[in-house]
Amino acid sequence: MLKNDIAITPELIKAHGLKPDEYQRILDLIGREPTWTELGIFSAMWNEHCSYKSSKKWLKQLPTKGARVLIGPGENAGVVDIGDGQAVVFKMESHNHPSYIEPYQGATTGVGGILRDVFTMGARPIAAMNALRFGAPDHPKTRHIVAGVVAGVGGYGNSFGVPTVGGEVEFHPRYNGNCLVNAFAAGLLKTDEIFLSEAKGVGMPVVYLGSKTGRDGMGGATMASAEFDDDSHEKRPTVQVGDPFAEKLLLEASLELMASGAVIAIQDMGAAGLTCSAVEMGAKGNLGLTLNLDKVPTREPGMTAYEMMLSESQERMLMVLHPHLEEKAEAIFRKWGLDFAIVGETTDTLRFVVEHHGQVMADLPIKDLGDQAPEYDRPWVEPKRQPVLAAADVPAPQDYGRALLDLVGSPNQSSRRWVWEQYDHLIQGNTVQRPGGDAAVVRVERPNGGHAKGLAFTCDVTPRYVEADPYEGGKQAIAESWRNLSAVGALPIAVTDNLNFGNPERPEIIGQFVHALKGVGEACIALDMPIVSGNVSLYNETNGEAILPTPAIGAVGLMDDVTRTIGVALAADGDVLVLIGD
Amino acid sequence: MKARVTVTLKHGVLDPQGKAIQGALKSLGFAGVDDVRQGKLIELELATADRAEAQAQLTDMCEKLLANTVIENYRIELI
Amino acid sequence: MKARVTVTLKHGVLDPQGKAIQGALKSLGFAGVDDVRQGKLIELELATADRAEAQAQLTDMCEKLLANTVIENYRIELI
Amino acid sequence: MKSAVLVFPGINRERDMARAFREVTGVEPIMVWHTETELPDVDVVAVPGGFSYGDYLRCGAIAARSPIIPALRAHAAAGRHVLGVCNGFQILTETGLLPGALMRNASLRFVCKEVRLRVDNAATAFTSAYAPGQVIRCPIAHGEGNYFADPETLAELEGEGRVVFRYCDAEGRITEAANPNGAVDGIAGIVNAAGNVLGMMPHPENLIEALQGGLDGRGIFESLARAA
Ligand SMILES: Nc1ncnc2c1ncn2[C@@H]1O[C@H](COP(=O)(O)OP(=O)(O)O)[C@@H](O)[C@H]1O
Chain A
132 MLKNDIAITP ELIKAHGLKP DEYQRILDLI GREPTWTELG IFSAMWNEHC SYKSSKKWLK
192 QLPTKGARVL IGPGENAGVV DIGDGQAVVF KMESHNHPSY IEPYQGATTG VGGILRDVFT
252 MGARPIAAMN ALRFGAPDHP KTRHIVAGVV AGVGGYGNSF GVPTVGGEVE FHPRYNGNCL
312 VNAFAAGLLK TDEIFLSEAK GVGMPVVYLG SKTGRDGMGG ATMASAEFDD DSHEKRPTVQ
372 VGDPFAEKLL LEASLELMAS GAVIAIQDMG AAGLTCSAVE MGAKGNLGLT LNLDKVPTRE
432 PGMTAYEMML SESQERMLMV LHPHLEEKAE AIFRKWGLDF AIVGETTDTL RFVVEHHGQV
492 MADLPIKDLG DQAPEYDRPW VEPKRQPVLA AADVPAPQDY GRALLDLVGS PNQSSRRWVW
552 EQYDHLIQGN TVQRPGGDAA VVRVERPNGG HAKGLAFTCD VTPRYVEADP YEGGKQAIAE
612 SWRNLSAVGA LPIAVTDNLN FGNPERPEII GQFVHALKGV GEACIALDMP IVSGNVSLYN
672 ETNGEAILPT PAIGAVGLMD DVTRTIGVAL AADGDVLVLI GD
Chain B
2 MKARVTVTLK HGVLDPQGKA IQGALKSLGF AGVDDVRQGK LIELELATAD RAEAQAQLTD
62 MCEKLLANTV IENYRIELI
Chain C
2 MKARVTVTLK HGVLDPQGKA IQGALKSLGF AGVDDVRQGK LIELELATAD RAEAQAQLTD
62 MCEKLLANTV IENYRIELI
Chain D
752 MKSAVLVFPG INRERDMARA FREVTGVEPI MVWHTETELP DVDVVAVPGG FSYGDYLRCG
812 AIAARSPIIP ALRAHAAAGR HVLGVCNGFQ ILTETGLLPG ALMRNASLRF VCKEVRLRVD
872 NAATAFTSAY APGQVIRCPI AHGEGNYFAD PETLAELEGE GRVVFRYCDA EGRITEAANP
932 NGAVDGIAGI VNAAGNVLGM MPHPENLIEA LQGGLDGRGI FESLARAA
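Residue numbers (this note's numbering), protein chains in the order written: chain A, 132 to 713; chain B, 2 to 80; chain C, 2 to 80; chain D, 752 to 979.
Here chain A stands alone, though its shape is the one from the complex:
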């Protein structure tokens, strides 16, 4: 008998963000009414954030393959070969809604999440970027959000110890009710030391590592996918607090553990923590998984199974370890002062079983949780394109000097120094092109000596263009990132994307999405820059007003000789300026 002392009412189902037909699908899948814990698990797995149910159809059409691509979308981050047995691992992810509610903590936990995605693959983070979009500068909330977000991005990255070398900051009234915080991270690893989330072997210990579980961000993943309304402040206590110190320890401990040979599979606990990570590890490995929640380290007494399964406490990992190496693994984690607990094991049943206080709280078909998630072909309409302006129709400025001053003094064109000076962009000693130019360049030493290579990083998109013409705007974002990389002397090799749009249940929004993605995809093919990872953030909308469509692009380029990098500064008096292109 499954414990089921909370009645599953239509209200409860709705509160979990599940539509009636989605709930029916659950009933059909499991052949009975779910328990409360099971309902929570389904809601976490099937929300937009985790299941990509509105976007999957279109994401499948993106170009994700290339000669250098070792791992494309689907893992924690993409992996791209850069020669010499080395690879760069990178991804970009949004933390928009949490940052609007609590700018500092929202930004810190966003940065923390993306760093974990990168080091979960076995890579040491070497660079970070942040693409930020805020409301109008004179909107009453903007100042508070900007200050909090920028301090939070810095507060986390600086303490963790990754150089934040690039990003974007833009202001527009359409972000008044929904700021965008997109965090990018890149790491470096050896191609024969890549770690994946796929569990292997039956009866293997499933180990919980990192910080303790509290009632943080209860239902946060659900929140991140729900459109805002004016009483969204009611959701405040779900805010998670980032602990960059714990994350730094987790990085060092995880890398040490991976090097010890004890790790079979690893997955960070991000949105809907324990649920998503455990299900993913089992399902990918075609295995079942049983969790015993009595073993989960908790920060607060009396946590229910439901709460533990949905908690979004940060700085946690789940691993499958080789059975005879548990002790060695535990010693490493104790050395770094982190929690370590064996919380379950892999099984051959293909069931996801959650036990607590000797009772089965959930018993679900593990593959179906992911595979059977709803997938929508949402109706869409052709976007309305804004007419092309003829250059001749735009009046020339009266005073070019004045116009130039207006431009450089405008919020969107002025210097971003005040932002990147709050970020440690020099730590690790490899920053060759600092923020402020077209792309940042970071030195990469070859494992066997010889002249150092370079990796170049840039973040780009111009949402006004995407709004005016999603297809052209999508192409432009890729082209601009390609130009920024080329301009520092790097060969563009791959990109990650962060697709920020409004409510996908509106046909105009999906229309924008479809066309922007088409443009992005075609440009990627034309310029030979596959998309190796990414993130979708929908429902960026308040009271029916959507943000500007913002498919942010994080792009990576490679240079064989880092000393050949070129900056934007003029080198000497009398240099000749040349304009190329048209």
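FYI, nobody ran anything at the bench for these hints, they're computed from the structure.
Warning: the hint list may mix true and false statements.
Unchecked claim - Calculated pairs, DSS-like style, for lysine-lysine (alpha carbon to alpha carbon, straight line, at most 30 Å): (1) A/K272 to B/K41; (2) B/K27 to C/K20; (3) C/K27 to B/K27; (4) C/K20 to B/K3; (5) C/K65 to B/K27; (6) C/K3 to B/K27; (7) B/K11 to C/K3; (8) A/K343 to B/K41; (9) A/K426 to C/K3; (10) D/K864 to A/K272; (11) A/K466 to B/K27; (12) B/K11 to C/K27; (13) B/K11 to A/K343; (14) B/K27 to C/K11; (15) B/K65 to C/K65; (16) D/K864 to C/K20; (17) B/K11 to C/K20; (18) C/K3 to B/K3; (19) C/K27 to B/K65; (20) D/K864 to A/K466; (21) A/K459 to B/K3.
Fit chains B, C and D with the ligand to the known structure of chain A by using the hints.
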């Protein structure tokens, strides 16, 4: 009038500082220390001598600046 | 036993946070606010039930870790 | 020259520091974990930058109570060299090996940028490679680098020429505009009375190669190698 505002994290909100202090006390050999939480203390001098007015002003300051009411509680004392 | 330790900057030690808060309060329109100082509040739970012992332990903790006595004063309260 | 670099949980510039020693002196430093109670036999112990224990409670406070610290004190008492950079400087003030304290930046913001430093004492074991009064470039990256000491301590530091570096402008003038954090009298680095312990907020270890934009930071490591 002198006033003291204490700002503490709401129950259940992670307190990395408290956690680190607890760990440090333990490794310095202090046994049996538990549940360490760190908060802020803000002392200030107000021009008004009217307690009710001071209280109202301070509440306003807390809501607007001194506390982050998303994750923090505050308490006001007039001295 | 529950205890509360407050740590404040000594007189004469500059307090950038206090100063910044004062400035921010002023620009939010709060007039007549003066002498703003920010300190720390550390709440903890001790195993002992003996007040004298708790007091002694806390003093030791403050001297050894919780306060930097070069620049800070501390005050102990048992609750 | 033999060197060691202390590693506390949350320290994050230990690799940068190790690289500087390796690049400039050709010898790989020994990394020493905070739970050790003895130091290897080395000429210089570096306490690197980062956020030991998250900088929670006070910067450097928890690290300054680590098991390795008595050995560090003994190393300093024996007249050997100790270099504390950024969080390392904060840790040294917390241990009392250096006077004063580092407070929040006056702006209350973290600041990472290149600044200029004036070498006010080129007669120390850390600065002999520089000329007196020389202006060097150096990166900073900190949120709490606002040096404070009471007037007596300041008088003592000044009287004994123990202020080694000050934030300055390109011409070597000590101005408010050139001061990135509000430090009293633009103080960026000091030595102890015996002259063998240096603490500084800026990061010379991040400016030792042309690729990093300059070589100005090398002088510290070259001086130490000379003194060994
Ligand atoms: N949030 C940020 N974090 C770090 N660097 C930033 C940020 N925003 C802008 N920058 C940097 O400032 C410079 C100018 O930015 P931007 O105007 O977006 O450049 P461009 O239009 O040439 O791509 C770039 O080097 C960029 O990386």
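Now the hints, each set against the structure:
For the suggested pair A/K272 and B/K41, the alpha carbons sit about 24 Å apart, so the restraint of at most 30 Å is met. Annotation: proposed proximity of B/K27 to C/K20 is violated, straight-line Cα distance about 34 Å (limit 30 Å). With a CA separation close to 42 Å, the supplied pair C/K27 and B/K27 exceeds the 30 Å bound. For a cut-off of 30 Å, the pair hint linking C/K20 to B/K3 stands: about 16 Å separates their Cα positions.
Taking the CA atoms of C/K65 and B/K27, the gap is near 12 Å; set against the 30 Å cutoff, the hint holds. A hinted pair counts as satisfied when its Cα atoms are at most 30 Å apart, and C/K3 with B/K27 qualifies at roughly 17 Å. For the hint linking B/K11 to C/K3, the alpha-carbon distance of about 17 Å falls within 30 Å, and the restraint holds. Our distance criterion of 30 Å between C-alpha atoms is met by A/K343 and B/K41, whose separation comes to about 24 Å.
Between the alpha carbons of A/K426 and C/K3 the distance comes to roughly 28 Å, so the proposed pair stays at or under 30 Å and holds. Distance check on the hinted pair: D/K864 and A/K272 sit about 29 Å apart at the alpha-carbon level, within 30 Å; holds. Distance restraint check for A/K466 and B/K27: the Cα-Cα separation of roughly 15 Å lies within the 30 Å cut-off, and the hinted pair is therefore satisfied. Of the supplied pair hints, the one linking B/K11 and C/K27 holds, its CA atoms being roughly 27 Å apart against a limit of 30 Å.
A C-alpha spacing of about 17 Å is found between B/K11 and A/K343, which places the hinted pair at or below 30 Å, so the restraint holds. Between B/K27 and C/K11 the alpha-carbon distance is near 27 Å, which keeps this suggested pair within the 30 Å criterion. Restraint check for B/K65 and C/K65: the C-alpha separation of about 36 Å exceeds 30 Å, so the hint is violated. The suggested pairing of D/K864 with C/K20 holds, with an alpha-carbon distance near 24 Å, which does not exceed 30 Å.
A distance of roughly 26 Å separates the Cα atoms of B/K11 and C/K20; the hinted pair therefore holds under the 30 Å criterion. Annotation: proposed proximity of C/K3 to B/K3 holds, straight-line Cα distance about 26 Å (limit 30 Å). For the given pair, C/K27 sits about 12 Å from B/K65 by alpha-carbon distance, which is consistent with the 30 Å threshold. The suggested pairing of D/K864 with A/K466 is violated, with an alpha-carbon distance near 34 Å, which exceeds 30 Å.
Annotation: proposed proximity of A/K459 to B/K3 is violated, straight-line Cα distance about 57 Å (limit 30 Å).
Hint violations for this structure: numbers 2, 3, 15, 20, 21, all remaining hints satisfied.
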